[in-house]
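Chemist: One line per chain: the protein sequences are S and B, in this order.
Going by numbering that gives the first Met the number 0, the first sequence opens with residue 0, and the numbers climb by one from there.
Going by numbering that gives the first Met the number 0, the second sequence opens with residue 0, and the numbers climb by one from there.
Hints in this document: simulated from the structure, not taken from any laboratory.
For every residue, glycine included, the Cβ atom is placed at its ideal position computed from N, Cα and C.
Be aware that one or more of the hints could be misleading.
[Claimed, not checked] Partial chain B-side listing against chain S, Cβ under 8 Å, derived:
1) Asp47
2) Ile48
3) Glu70
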Amino acid sequence: MLSEVISKPRSGRRPAPNLADYERTRAEFSWERVAQTLSGLPGGRGTNIAYEAVDRHAAGARAGHLALRWLGRNGARRDFTYRELAELTNRFASVLRQLGIGSGSRVFVLAGRIPELYVSVLGALKNRCVACPLFSAFGPEPIHTRLSLGGGAVLVTTESLYRRKIAGLRERLPQLRYVLVVSEGGEIPLTPGVLDFGRLMASASPWFRIPPTDPEDAALLHFTSGTTGRPKGAIHVHGAVLAHYVTGQLALDLHPEDVFWCTADPGWVTGTSYGIISPLTNGVTSIVDEGDFDTERWYAILGRERVSVWYTAPTAVRMMMKAGAEAARRHEFPDLRFIASVGEPLNPQAVLWGTQAFGLPIHDNWWQTETGGIMIANFAAMDIRPGSMGRPLPGIEAAIVRRSGAGRIEVVAEPGVEGELALKPGWPSMFRGYLNDEERYRKCFAGGWYLTGDLAKRDGDGYFWFVGRADDVIKSSGHLIGPFEVESALMEHPAVAEAGVIGKPDPVQFETVKAFVSLKRGFDPGEALRRELLGFARKRLGAAVAPKEIDFLPSLPRTRSGKIMRRLLKVRELGLPEGDTSTLEASP
Amino acid sequence: MFFFRACAMAEMTREQIKAVVFDVLGAIAPELDAAAIAPDKPLREQVDIDSFDFLNVVIRLHERLGVDIPEKDYGELLTLDGAIEYLSGRLAERAGRPRL
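Make the full structure from the sequences, and use the hints.
Modeler: Set out below in structure tokens:
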């Protein structure tokens, strides 16, 4: 694998890559210098993400530049210049202020990729609220868990999502003061606390002065999954914008005239950091497509909208590969210059497929919810080792480490040795905590390192290679899924005695969620019950989180302390040797 | 066996095709309420299926009906009416008869 390298031309590329000389940029880089290239709130009143993303452009020469081009599911399109986006986000910030929603309050958004989602997130940031976009494909249970853990005071959602997923949860969400519903042409059920988003916006002031914002003020809340317990709410601060901004330039090679398309949903961290903040802080045009993945639709968008930089996900790439490179070559991509991917490791075949389909290799990069921005990447000017996540960004120190007990950490200097991927804390978009869970936050750090939970190795030239997760968290279609959340939903079914959930390797999704259940006495395993459980889990969790497969077992393997051994379930599923099972409880 | 199935499929009525579509959808999203599906509205706005589920729906329709469904035609499968129309056309083509 290491012998395969995609070489890049050393000169003559236009526009010249922002990062042309890796070693030199790394040596000269400092976060202080990046901070100087951003504006800061006028009058030295601090740093606010929304100001850097929108207002500073709206106040200058880029006011009339296209900020967002929204493509509706059914062919509609709406364009927003930086000036227009500034006004709309001012209005939403005014709405929040009028409602008495103050600094630090959590504003959740549950919507498909519609303009109101983008306006709400940025407007909430202006009002110094903490913005939390939720994935609209979540079922009611993941939504309830996150809204209640996050203490959401306001939820912006759409008419249909309100009816399908929120109305039934209201009673269980006492902290939720207002639900602002975006009309879809029908009747909005105006029960207490439910307000019409459009009407509020129309009557709100288009003027809003962002209050002083400390760079350490909380700005964004993103939930991520752990092996055990409930999802963790990672908190990011306004100062993170430095990383959103500069990683867009260095890892995605954004230039001022670029048309950029990040295909991720803002319900996942990529869709917020790179679907909202990074392109706007860099003043480029960002494409937002409301539609779901569809090969032909995507090729048409890449060509017609003259996308020059495209950031997508391995699952999408692999689904496009199924249609063949021919399908891509029927289209023209006159401006496409740089393709990047994140979510799970991109297999070498997929990297190379980019060359066949688009004449461009696909640049894998690595980061996670907790890091807030891209940490390790294959860069435009650097040779690609297909299958590798690349090299650490300037300003980021990464290492392979080993936990040697009692909180001690040993850095593995030798190349090619597997260990846990760790980062030196201190970059601006590092998470500042898990909401209400100080202990879990503390456990992420040891010996002066942030421990990522991903296993990796580094080769002799400094390229990092993903090996697997150190825990049981499932990586599926670019999303992290916590087995516990899925098991808990299955356990609510009266027939289920035990549930164990694993990530089963899958050529398209990377891992697919598979559940094993044992049944209570009196219930018979069979196709009817299997379907019932599948539907039961999907209704609660939504298609993105629910298992795709369910198998019945007489009982699940447990450790002596009673924990379900997901690893053993996985090993058996894969038909691998079971290894040391000495802590396994004998089956009854 | 395959030949027999393909011939039998070519004779399928729209009702039978609809039953196959629901059977395939029901295997992937058993929570779906067939009676509540508006046939002229996008399925993915009515049934909670992600892109991966959709791909599996297409694969299983291909297996069950024995017709190829190239990627460029996925747009025809967005509504129930559209899917039935498209699949009956493909089946008729297979059988060498003009579209219904």
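Chemist: If a hint holds in the structure, say so; if it doesn't, say that too.
Modeler: Each hint, compared with the structure:
1. Asp47: At 5 Å from the nearest chain S Cβ, Asp47/B passes the 8 Å test, so the hint holds.
2. Ile48: 5 Å, holds
3. Glu70: 4 Å, holds
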